[in-house]
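**Q** Now for the letters of each chain:
2 protein chains.
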Amino acid sequence: MLSKRANIVPASPIRRLVPYADDAKKRGIHVYHLNIGQPDIETPKQFYEYIEKYKNEVVAYTHSQGILELREKFSEYYKSWNIDVQPDEIMVTNGGSEAIMFALGVICDPGDEVIVIEPFYANYAGFAAYLNVKLVPVTTTPEEGYRMPSYGEFKKVVSPKTKAILFSNPSNPTGVVYTKEELEVVAKFAKEYNLTIISDEVYREFTFDGSKALSMFEFEDIRNQLIIVDSLSKRYSACGARIGTFVTKNKEFYSAALKFAQARLCPAETTQYGALGLLEADEEYMKKVIEEYKIRRDVAFEEISKIQDVVVKKPQGAFYLAAKLPVVDSEEFIKWMLSNFEINGKTTMVAPLSGFYATPGLGKSEIRIAYVLNAEKLRDAILIIAKAVEEYNKSK
Amino acid sequence: MLSKRANIVPASPIRRLVPYADDAKKRGIHVYHLNIGQPDIETPKQFYEYIEKYKNEVVAYTHSQGILELREKFSEYYKSWNIDVQPDEIMVTNGGSEAIMFALGVICDPGDEVIVIEPFYANYAGFAAYLNVKLVPVTTTPEEGYRMPSYGEFKKVVSPKTKAILFSNPSNPTGVVYTKEELEVVAKFAKEYNLTIISDEVYREFTFDGSKALSMFEFEDIRNQLIIVDSLSKRYSACGARIGTFVTKNKEFYSAALKFAQARLCPAETTQYGALGLLEADEEYMKKVIEEYKIRRDVAFEEISKIQDVVVKKPQGAFYLAAKLPVVDSEEFIKWMLSNFEINGKTTMVAPLSGFYATPGLGKSEIRIAYVLNAEKLRDAILIIAKAVEEYNKSK
Chain A
1 MLSKRANIVP ASPIRRLVPY ADDAKKRGIH VYHLNIGQPD IETPKQFYEY
51 IEKYKNEVVA YTHSQGILEL REKFSEYYKS WNIDVQPDEI MVTNGGSEAI
101 MFALGVICDP GDEVIVIEPF YANYAGFAAY LNVKLVPVTT TPEEGYRMPS
151 YGEFKKVVSP KTKAILFSNP SNPTGVVYTK EELEVVAKFA KEYNLTIISD
201 EVYREFTFDG SKALSMFEFE DIRNQLIIVD SLSKRYSACG ARIGTFVTKN
251 KEFYSAALKF AQARLCPAET TQYGALGLLE ADEEYMKKVI EEYKIRRDVA
301 FEEISKIQDV VVKKPQGAFY LAAKLPVVDS EEFIKWMLSN FEINGKTTMV
351 APLSGFYATP GLGKSEIRIA YVLNAEKLRD AILIIAKAVE EYNKSK
Chain B
1 MLSKRANIVP ASPIRRLVPY ADDAKKRGIH VYHLNIGQPD IETPKQFYEY
51 IEKYKNEVVA YTHSQGILEL REKFSEYYKS WNIDVQPDEI MVTNGGSEAI
101 MFALGVICDP GDEVIVIEPF YANYAGFAAY LNVKLVPVTT TPEEGYRMPS
151 YGEFKKVVSP KTKAILFSNP SNPTGVVYTK EELEVVAKFA KEYNLTIISD
201 EVYREFTFDG SKALSMFEFE DIRNQLIIVD SLSKRYSACG ARIGTFVTKN
251 KEFYSAALKF AQARLCPAET TQYGALGLLE ADEEYMKKVI EEYKIRRDVA
301 FEEISKIQDV VVKKPQGAFY LAAKLPVVDS EEFIKWMLSN FEINGKTTMV
351 APLSGFYATP GLGKSEIRIA YVLNAEKLRD AILIIAKAVE EYNKSK
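Going down the list, the protein sequences come from chains A and B. Each residue of the first sequence is one higher than the one before, starting from 1 at the first, in full-length UniProt numbering. Each residue of the second sequence is one higher than the one before, starting from 1 at the first, in full-length UniProt numbering.
For the record, the hints were derived by calculation from the structure and aren't laboratory data. Please note that a few of the clues may not be correct.
[Stated by the list, open to error] Quick list of in silico lysine to any residue cross-link-like pairs, SDA-like style, CA-CA up to 25 Å:
1. Lys79/B <-> Arg16/B
2. Lys55/A <-> Ile41/B
3. Lys26/A <-> Ile41/B
4. Lys26/A <-> Ile36/A
5. Lys73/B <-> Ala60/A
6. Lys288/B <-> Glu57/A
7. Lys306/A <-> Thr359/A
8. Lys53/B <-> Tyr48/A
9. Lys324/B <-> Arg16/B
10. Lys45/A <-> Gln46/B
Between the sequences and the hints, there should be enough to build the whole structure, so can you do that?
**A** Encoded structure:
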């Protein structure tokens, strides 16, 4: 009686190993969670202050596109990033997740195709399956540092059914920050084939070593075929607020998404006010957060590099690092690590990267590390991975 | 470049007339909003108390199925209504809206059909279009008080593509509370044709004159093909919390919905804690609310009945009343009322009922009144409708 789409939707590769971690915890093992992009950084106090400040006697529906005051604040924020959009070009969504779903729904009918750069954010596959959209991957590799594919690579996969390109920059899961030249490949390709660009820019602030995440908005001639997906989850360590945005200058896209938005009424009123507070957080907050992540990135990269035969390049953004380990099947390895391995009562959980690929069989030796713990814990957690790799390969 | 589904999704009939109301307000007219189910009743204080109480340093993701403590509270609540479900048979959703979308996604592929009893909650059409599901209506009429269609009527519309029946009890928009005999028609029909029942029971508490809203859970032999959709929005006047539930004893349905849920990560953490507070609200709160709505129902029915040639039966539940007015096109009439009519600087907005039908042309003279204002305002608001009908028909 189940639908086909229910069967096709993959279980989240980030969450499906949770039962193994739960079992480890039951055995009294401490598990370092590097598997999910849930930061340990404190959420700005303004979140609760604004909820308190805007407390209403009746917790009511808001406009479906979100509270005007919040969209005005977002508009200011985007302008500070050189993304010139008005409040009526911004829609508040239930996290970036819903913004992606709206974008796919606006552009694609069942059977239509969307090009993704693999490895990609795993939940894209879930949204696509839910809406019967086919993800068509262009592959990148750990050996080449997961850099942007060439124009020719994109051209190979385009078909009459191709409607859009969906990708994230900085990239989840690889931490790559694309250069202007790399992004230009996407812009030109989209222009040439009249494709919509769904640009997931939620990690905009998270860049290191002077690299800068350019928005696809930079490319003027594709602005009318651009949807930017954004979220406050990572920026302000407020994943549980579920506040994202769907941003577009294309009025048709906006009106269509608004109809979807009206059907589900509105995002949570309460956390929209909280979000208003988040956007008031001072720049100091963000600066400190980025400094902290840079330290972590350095530690994570240093430690993971020590593993013999690992393939890893230094990531420049987001808070992820993807690496190829000298193991045949990283998912089996992670299960084993959670079930059979510990150092001083501790073990580590990371995400297997195969779930971030659409091509079957790819990414099997790769993992994603979310460096969301402080430097000391992180060092310990990755040391555990290194030792585990040794033991695991001995045990095989 | 827009998808077909984006074109098919109807604009919300409840929200699409908002610009006319906004214009009226700009002209200094006070608009009584009887068009949307947004109650004026105070949300229980526990909502904010619990948000404060469970305030975390990091506003983090929760489990995708919702916080365990909240699902435990829901389980207790359902048991008190004779709906025997465990926490792992309850999923917390972004309002009842998301629960309906999960249900449709779990059961239906593009092109599949779902039977609805029209007039039905208008947003069902939006969700169905988004997921390429076809709603197949069985019609009820104002003259017959919108009662449950016969088994024979259901049988007429069933096809090999029919996967489910979706309906609400008490009914939005008609306020009908179905009897056990009427619900048995649905249960038998679903059993006979092996259809899933998606039972929208969000107005469970809102019944008057001793009538009782039975859950479809009462029918033991269809429990494994039942999904109950629920929401705290109306019960606790907390529409902006966006907390609903997807409830099923069918493990396949639950696992499939959980995969959809994992892709979108979780409902807002903050309002889940608020919801925990709501479920602590004492029974006195609910009693008072129902008493208040009974008074309003009586006033609304009394006043609307005074209109000459109106067709209306006394509704027994929810907080809606559907009526057939002596106007050819109620949507035009409502626009006219907002644009050209006022008494002492006031006018009234209601919802045109045509958007609650799937059959083109039906419901054109009908309206839905949400009696979400206090008795005095409600009387004034409906008096305005009565006078407006007179004037409107003179002006034609």
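**Q** Each hint: holds or not?
**A** Hints, one by one, checked against the model:
1. Lys79/B <-> Arg16/B: Given pair Lys79/B, Arg16/B is violated - Cα atoms ~39 Å apart, limit 25 Å.
2. Lys55/A <-> Ile41/B: Judged against 25 Å, a Cα distance of about 15 Å means the pair holds.
3. Lys26/A <-> Ile41/B: Not satisfied, since the Cα-Cα distance of roughly 45 Å exceeds 25 Å.
4. Lys26/A <-> Ile36/A: Given pair Lys26/A, Ile36/A holds - Cα atoms ~20 Å apart, limit 25 Å.
5. Lys73/B <-> Ala60/A: Roughly 23 Å separates the two Cα atoms, so the pair holds.
6. Lys288/B <-> Glu57/A: 16 Å, holds
7. Lys306/A <-> Thr359/A: 29 Å, violated
8. Lys53/B <-> Tyr48/A: 11 Å, holds
9. Lys324/B <-> Arg16/B: 20 Å, holds
10. Lys45/A <-> Gln46/B: Given pair Lys45/A, Gln46/B holds - Cα atoms ~21 Å apart, limit 25 Å.
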